[in-house]
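**Q** Here are the chains, one letter per residue:
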Amino acid sequence: MTATTDRGETTRTARAVNRPAFWYRDLISCLQATFGTVLHQRGLDPLTVLGAGWEFLYLPGDVRGEEFYYPCRPPGDIGRALAPHHPVSATWHTAPDDDPLRVLAELVAAGELPIAAVDNYHLPFRPAFHDVHAAHLVVVYGVDRFRGLVHVSDAMPPAFTGPVRAEDFRNAWGSANPADEQDAFFSDARIGRRYLTVDVGPDVPTLDREWLSDVLRANVAGFAQERAGWSGLTRYLRWLSAAAAAGDADPLREAYVFGWGMQALSSLHGELLRRQGARWSDAALSEAGRRVESAAHSWTGLRVTAAHGWPDPRAAAADIDRHGQRLRERYEIALAALDRVAALP
Amino acid sequence: MIAVTAPSRPVDLSEACNNVGASLASATGSGHFNVWGNSFCAEQLPPAGATVTVDGVDFTMPALGSGGPDNVRCEGQLFDVLPGRYDWLYVLAAAERRAEDEIALHYAGGDVDFEPLRVSDFWAAPPVFGETRAFESTLMHYPHHVQYGVPATMWCQRVPVVRRAELLRVRLPRNVAVHVFAASLVEAPAAGR
Chain A
0 MTATTDRGET TRTARAVNRP AFWYRDLISC LQATFGTVLH QRGLDPLTVL
50 GAGWEFLYLP GDVRGEEFYY PCRPPGDIGR ALAPHHPVSA TWHTAPDDDP
100 LRVLAELVAA GELPIAAVDN YHLPFRPAFH DVHAAHLVVV YGVDRFRGLV
150 HVSDAMPPAF TGPVRAEDFR NAWGSANPAD EQDAFFSDAR IGRRYLTVDV
200 GPDVPTLDRE WLSDVLRANV AGFAQERAGW SGLTRYLRWL SAAAAAGDAD
250 PLREAYVFGW GMQALSSLHG ELLRRQGARW SDAALSEAGR RVESAAHSWT
300 GLRVTAAHGW PDPRAAAADI DRHGQRLRER YEIALAALDR VAALP
Chain B
0 MIAVTAPSRP VDLSEACNNV GASLASATGS GHFNVWGNSF CAEQLPPAGA
50 TVTVDGVDFT MPALGSGGPD NVRCEGQLFD VLPGRYDWLY VLAAAERRAE
100 DEIALHYAGG DVDFEPLRVS DFWAAPPVFG ETRAFESTLM HYPHHVQYGV
150 PATMWCQRVP VVRRAELLRV RLPRNVAVHV FAASLVEAPA AGR
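Protein sequences appear in the order of chains A and B. Each step along the first sequence adds one to the number in numbering that gives the first Met the number 0, with nothing skipped, and position 252 is 251. Each step along the second sequence adds one to the number in numbering that gives the first Met the number 0, with nothing skipped, and position 32 is 31.
Just so you know, these hints were derived from the structure itself, not from any lab. Ideal Cβ placement from N, Cα and C applies to all residues, glycine included. Do not rely on the hints blindly, as some may be mistaken.
One-sided excerpt, in silico: chain A residues whose CB lies under 7 angstroms from chain B [what the hints assert, rightly or not]:
| no. | residue |
| --- | --- |
| 1 | THR205 |
| 2 | THR299 |
| 3 | ILE332 |
If you only want the chain A side, here are some residues facing chain B, beta carbon under 7 angstroms, derived [as the list claims (entries may be wrong)]:
| no. | residue |
| --- | --- |
| 4 | ASP97 |
| 5 | GLY300 |
| 6 | VAL303 |
| 7 | THR304 |
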């Protein structure tokens, strides 16, 4: 659409043909929710793409106070990190100082759905509006420069699709997201007009039992890697437990943030396997999926204990250790189940 | 869900309540169900002391909206129960994110069994463990405001009492993500004893 302002300027309004559909699960963060929305718009099944991989990866010093933090291997491509078995990649960009909305408008006009980092404090539809600073992601599906609106989609409850004032969006997008005592986890991480573009290449694999078996074998093999996987999980949990016992609060606070990505990944992988097991009448696959979900649910005890316990780490140390041991046990049981179903014809 | 027809015996948890899970709209800051200070909307839940029946099981509701503790945040508390032979322990519970843990059941003679306690998230979530939606507030209380569009759910979940023996005590899990508002034991039918 082309429109003319009262100053005689000709502007374009870019808007996706259809409002994007929400994609949400209760254990995921805005990262998986926005990716799921974009993947669905591209005609892909988000659960298959985001739930195919399963790994453990902790990168010391890498965790940022953002709801959408996720450890990336390879560095910088969060698409490959989230969807290691699909031709998906995603790149972070920073919009220029001069007319930053133009870049989003151009992307939408080209059929893209950029994902923008925002500070919830400035977005009227978020519960944190004018209350708490917190880093978040939304999908941008329209930029109405004539009316001064940006159309966004946010599947995270209370879930919103629609326009916000461009001024509010710019404030959220350009926020310094200052440290906020009400949010010890997701504040103090500069937003800086960042946005993600998601690319989906050709040769998207077909979801069948043979492909899934290959995927499961690759996932299990990944857990045998020296620094990540099983040894990485063991090392991380021991380090976290020791940090709590030593009274170090930062690792506990960080555990709530970092653990979200691992918990979300585990829940999606487990759900995918359970769903496919039911569709293919493959009981062993369903059971393996449930084992993985059990590992996902064990992250709750560790994350929530850490979240409540970080102000007094020593008092929480014994519970952190116990939840860590249980989490490790659940991963071990799940890996054994996956190993078995991956070997089945 | 087929309602239970056997007699149920509410368990008194009042002495162990250690968390404020529901608040009034006039004092949302008093609630602290989760780490963010969210809480149930007490105006949409049964009043304190009310006897409610969910799935055919009777529960005594805690002091929701009183400003004081109204649920047991699970830290391994141990309860004596009315000694008897039971088939199920029913709970009205909710979790700060999905949680799977264990309850310890202590029987006469010294036997102990661990049984699973699975509770779904209270915050805008489905019953992933097959619970009954016992009560739901359509609003979520935040420390400084009432939020529309984010429901809070109290689930009715059950734990099997498998052993055919007299149950004496129950220990809740040591998992602060799990909150129990009320509990009730369902008697075993005479033939099952």
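**Q** Failing hints, ascending?
**A** The structure conflicts with hints 1, 3, 4, although it agrees with all the remaining ones.
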